[in-house]
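Based on the provided sequences and hints, a complete structural model is requested.
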Amino acid sequence: MTARDADVIIVGSGPTGVSVAFPLVEAGLRVMMVDAGRLPSAAPPSAARYVDFRAGTNLLDAFCGADGEAFRPGRPASPKFAVPRTQFAHRGAAKANAIQSAGFVPVVSMAQGGLSVLWGAGAGVLSRQDLAGTAIPYDDLQASIRRVVARIGVAGVDGDDISECQGLGLPLQPPNPPAATARYLLDRYAARRQQAQRCGIRFGRARNAVLSRPLSGRGECRLCGLCNWGCAHRSIYNAAYELDALRAQPNFHYVRGITVDRVARNEGNWYVLGRAFEDGGERAFVAPRVILCCGALPSARLVLAALGRYGIEQPLLSSPAFAFGMLFPRLLGSAIANETFGLSQLSFAVEPPEGGDMAFGNGFSPVTLLASDLARYMPLSRPAAMAMVSALAPAMLVFNGFMSAEYGGNTLRLDRTPDGDRMVVTGLHVDRLAIRVREAVGRIARLFRPWEAVLMGAPVLTAPGEDAHYAGSLSARENPGLGETDADGAVAGLTGLYVADPSVLPVIKAKPHTVTAMANADRIGHRLAAILRDGRSPTPTGP
Amino acid sequence: MARCLAVTGASGYIGQAVVKAALATGWQVTAFVRDPARMASLPNVVVRRYALEDEPREEEWQGVDCIIHLAAVLNPTRRGEEAADLHAARALAALAGRQNCRLIFISSQSARLNSPSGYGHRKAVVEQIVTEAGGIVIRPGMVYGGEEASTYGILCRLLRSSPVIPVPCADAPIHPIHIDELAKAILCLAEMPTPPRLSCLGSDEDISFADFLTAIARYHLNGARQIVPLPTRLVMVLIAILRRVPLLPKVNPERVVGLAALPPLDSAPTLRALGLRLRPVSAALSAETTWRRRSLLAEGLGLIAYAGGKLPKPAQIRRYATLIETAQHGVPLALPVCLAIRPWVWRLADPSGLPWGQPVQERLAIAARIAEADPAVARRLLQLKKVSLAAMICRLGGIAVREALLLPMRAVFSRLLDLWLAPVKDALR
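Chains A and B supply the protein sequences, listed in that same order.
With the first letter of the first sequence counted as 1, position 403 gets the number 403 in the numbering used here; the numbers rise by one all the way through.
To convert a position in the second sequence, counted from 1, into the numbering used here, add 543.
It is worth saying that the hints were derived from the structure and are not from the lab.
C-beta atoms are modelled at their ideal positions from N, C-alpha and C, and glycine is treated no differently.
Incorrect hints may appear among the rest.
Here are some chain A residues pointing at chain B (derived, C-beta under 8 Å) [what the hints assert, rightly or not]:
(1) ARG72
(2) GLY333
(3) ALA385
Result set (DSS-like, lysine-lysine): computed pairs, CA atoms no more than 30 Å apart in a straight line [unchecked claim]:
(4) A/LYS80 x B/LYS563
(5) B/LYS856 x A/LYS80
(6) B/LYS928 x B/LYS853
(7) B/LYS563 x B/LYS727
(8) B/LYS929 x A/LYS95
(9) A/LYS80 x B/LYS928
(10) A/LYS95 x B/LYS727
(11) B/LYS727 x A/LYS80
Written out as structure tokens, the structure reads:
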């Protein structure tokens with residue numbers, strides 16, 4: 001029999017990859033993690049405050065990068081992708097995974113830590129109601145949610161109007177004090193809470209996977225405002241930080257620098273086949289079980305190729321995203337505070353009382369964004385726009401918002417071509433999305449008096465895929481068909497192949513789904529560890 | 544064992560580029576030229592005398608793996624000369640059959656049996672002879688770049704002759720291809736195990752003849768030329784007049800006729816099959832110049848000074864030029880240097896907030912980001928001290944009033960700049 005490299009191979013080192021690894025490693029199984037694992041080229045800035053960072057003299061590389069990748073046309077519009085620091089994660093990643101897109105901006109990360117190297121750290125969770133009627137058992141999931149939240153460290157409050165949206169009764173760290181603009185908005189909201197409830201609007205403090213107390217060797221957030229440029233204190237959760245804890249275990253082995261091309265089964269073993277970055281040579285890793293955690297797009301490609309499922313369209317869920325800005329005239333003239341924070345300060349939900357889907361979003365202070373990036377949204381000459389944006393920034397909040405997956409109709413399809421397999425992702429936003437977004441944002445704007453809060457221009461819609469909240473490419477079902485998985489992440493028709501990343505989430509709401517996906521991965525890991533410990537082999541599923 | 548390539552017409556415009564590219568990729572080359580003295584002497588190249596009306600001598604063609612047939616009759620003055628093309632084609636086709644080597648014929652975009660120009664008709668007949676014998680045909684689009692010779696040389700001379708150029712067939716669909724790209728593609732097809740019968744090599748998006756000339760004038764000659772479209776008949780009369788007048792440049796009327804009747808070139812399948820992506824004309828031409836970097840630096844100085852409100856440091860200006868060269872095609876906007884370095888020029892022509900001027904807006908975005916990297920600019924922009932509400936409203940009001948006064952001029956000048964850049968817009972992304 002071929003020598004096996006491990007009892008379980010996990011592909012991918014993102015949040016779900018490490019979350020499924022912990023229970024398996026703790027159960028004593030031999031676990032190997034195969035990863036692309038690209039590393040950042042520069043260390044995070046060491047300045048104590050944002051203002052000190054901007055006073056530095058060597059910022060050209062941080063702002064522009066050496067090769068202009070940040071300015072290449074076709075990159076997603078979010079400021080996260082404009083920063084050269086994050087290029088290493090997604091540059092050429094879609095192409096390396098044989099993903100082609102039409103009308104869709106594919107966000108794929110090959111970094112150590114997956115997409116968590118550049119995420120906004122939104123830590124809401126899907127509720128029992130959100131997952132009602134799906135194959136995922138919520139009681140087990142809830143236990144995993146508590147475990148994951150305690151492990152990664154989430155700061156937030158439990159008692160305000162939006163807490164129900166983000167999960168109640170979880171072990172939270174106290175949140176950092178909000179910016180003056182966020183405080184002002186929450187005060188004004190509290191003053192007319194009843195009217196807000198009638199309109200279906202809720203505001204509250206954001207819940208972020210950002211530490212306010214030290215945890216597991218990571219420092220607490222010092223409010224330096226350099227979040228988008230790199231967190232030197234490791235307060236923002238990044239799955240790469242947990243790799244050290246895993247690698248300290250003798251039964252965990254980490255292999256980086258591999259692009260996985262396909263997975264194939266032969267005589268009771270699964271082979272993970274890929275190429276090494278450094279020499280382009282082929283590598284193969286062997287184990288009886290493989291868990292894919294590469295992300296909704298790459299995992300779907302590997303599974304569809306293993307199934308031989310060519311030319312058939314599968315759905316891909318994503319949350320259409322939008323953005324808008326609000327100005328608070330009473331706060332005009334404020335200066336940049338000593339302590340600033342670049343990620344979400346507060347969250348909102350708009351749920352029309354007459355029925356309809358919820359829109360969910362976050363507000364953050366634009367003080368730590370570059371004026372040249374925001375200036376394009378102002379109809380003025382460039383230097384005037386930069387001056388105006390900089391003057392208004394301390395009195396503004398910029399919001400991102402998400403709608404549920406029903407407003408999108410993306411599909412993916414695996415094609416066989418002479419040059420190899422290729423997955424084509426087609427993006428689609430339904431027509432009524434624009435109307436719903438304008439209506440939701442309009443509700444929020446009308447809640448406040450003009451001297452309290454002013455909506456700045458019309459909301460901006462992003463292209464399909466730019467939200468980077470993908471799920472449902474290999475949905476979990478009670479009785480999964482081909483191209484689906486069961487409640488334990490096992491791929492229908494392929495015994496021993498599992499998926500534990502957001503591909504298996506059968507629904508996606510407007511809320512961020514990362515923590516839910518991590519909890520699901522943790523649940524899958526515990527289930528698999530229990531099954532293997534009991535000595536039973538996993539039951540084959542599907543036709 | 545090295546492969547052997549035979550090139551007829553090797554001293555011509557395309558021929559020289561093909562020979563150079565072949566030597567670089569390891570072919571052994573035998574050059575067949577009418578006048579061996581005119582062929583540049585290169586190591587590893589055997590030069591033989593060959594005229595189209597000759598019978599090819601078997602011993603000179605021994606061991607040849609591939610024949611690239613470029614030699615053609617260009618200006619037939621006597622009737623007999625036209626037949627030489629066909630004779631050579633038949634002789635080479637028979638030779639290729641006997642030697643069992645590949646015959647590649649470089650035809651033309653204007654090749655059509657019912658072409659109004661004799662040139663196009665001859666090319667089509669030779670194409671037929673070659674394909675019947677099992678050879679392959681390549682139809683290049685408009686070839687430009689490198690040495691000024693052949694059609695490209697004529698166009699350059701024409702553009703140099705006057706600031707205002709009357710041009711027939713201004714709308715003719717040109718599919719340009721740079722000479723180096725063409726040479727590489729021809730060799731690719733020579734090496735391919737099963738090449739397609741007919742390959743069309745030119746850009747997949749056509750550009751108008753007027754825009755093509757504008758790009759050459761701006762990026763090769765570094766000068767502004769006003770292209771004036773003229774009706775074709777008028778131009779034919781003018782050419783006939785020019786022939787009588789000594790000392791003025793002569794233009795072959797056949798070329799105009801050929802241009803007027805130019806059929807479109809379906810190059811997309813060939814480009815896909817070869818995996819080729821051709822550069823835009825302005826990008827390829829500006830890459831050949833010595834002044835490209837200087838133009839980018841001037842543009843960078845002006846744009847960054849405008850966006851940041853102060854003179855940039857040399858490192859910032861250099862970074863702008865490097866970013867344009869790597870993230871975009873490296874094509875400068877090619878404004879005259881004395882204008883490009885002045886911030887007030889960009890203030891007048893700033894298209895921000897207006898629904899046009901995408902290329903300038905993108906460059907301005909890059910310049911603004913570079914400007915913000917300067918701590919002095921950051922100090923001026925960042926709101927570090929609290930000011931009263933009234934003071935802030937005055938400041939914002941001042942900005943708004945200045946902008947309102949500037950807007951009409953910005954609208955006019957930015958639109959003019961956008962129209963001036965329109966012919967080369969495809970390369971300015």
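(message) Next item in the hint list is A/ALA385. Is there a CB on chain B closer than 8 Å to its CB?
(response) Since the shortest Cβ distance to chain B is 6 Å, the answer is holds.
(request) Answer holds if the nearest beta-carbon of chain B is closer than 8 Å to that of A/GLY333; otherwise answer violated. (result) holds, 4 Å
(request) Sort out whether B/LYS727 lies within 30 Å of B/LYS563, counting only the CA atoms. (result) holds, 10 Å
(request) Assess, step by step, whether the Cα of B/LYS928 is no farther than 30 Å from the Cα of B/LYS853, and give holds or violated. (result) Judged against 30 Å, a Cα distance of about 21 Å means the pair holds.
(message) Against the 30 Å threshold, does the CA-CA distance of A/LYS80 and B/LYS928 hold or violate the hint?
(response) Roughly 28 Å between the alpha carbons, so the hint for A/LYS80 and B/LYS928 holds.
(message) A closest beta-carbon separation below 8 Å is what the hint needs, so does A/ARG72 meet it against chain B?
(response) holds, 5 Å
(message) Can you confirm whether the C-alpha distance between A/LYS80 and B/LYS563 stays at or below 30 Å?
(response) violated, 47 Å
(request) Please work out if B/LYS856 and A/LYS80 have their alpha carbons no farther apart than 30 Å. (result) Roughly 27 Å separates the two Cα atoms, so the pair holds.
(request) Could you grab the alpha-carbon distance between A/LYS95 and B/LYS727 and see if it respects the 30 Å cut-off? (result) Given pair A/LYS95, B/LYS727 holds - Cα atoms ~25 Å apart, limit 30 Å.
(message) Please verify whether B/LYS929 and A/LYS95 have alpha carbons no more than 30 Å apart.
(response) Since the Cα atoms of B/LYS929 and A/LYS95 sit roughly 49 Å apart, the hinted pair is violated (cutoff 30 Å).
(message) B/LYS727 and A/LYS80 were given as a pair; does the straight-line alpha-carbon distance stay at or below 30 Å?
(response) This hinted pair is violated, its Cα atoms lying about 40 Å apart.
Of the numbered hints listed earlier, those contradicted by the structure are 4, 8, 11.
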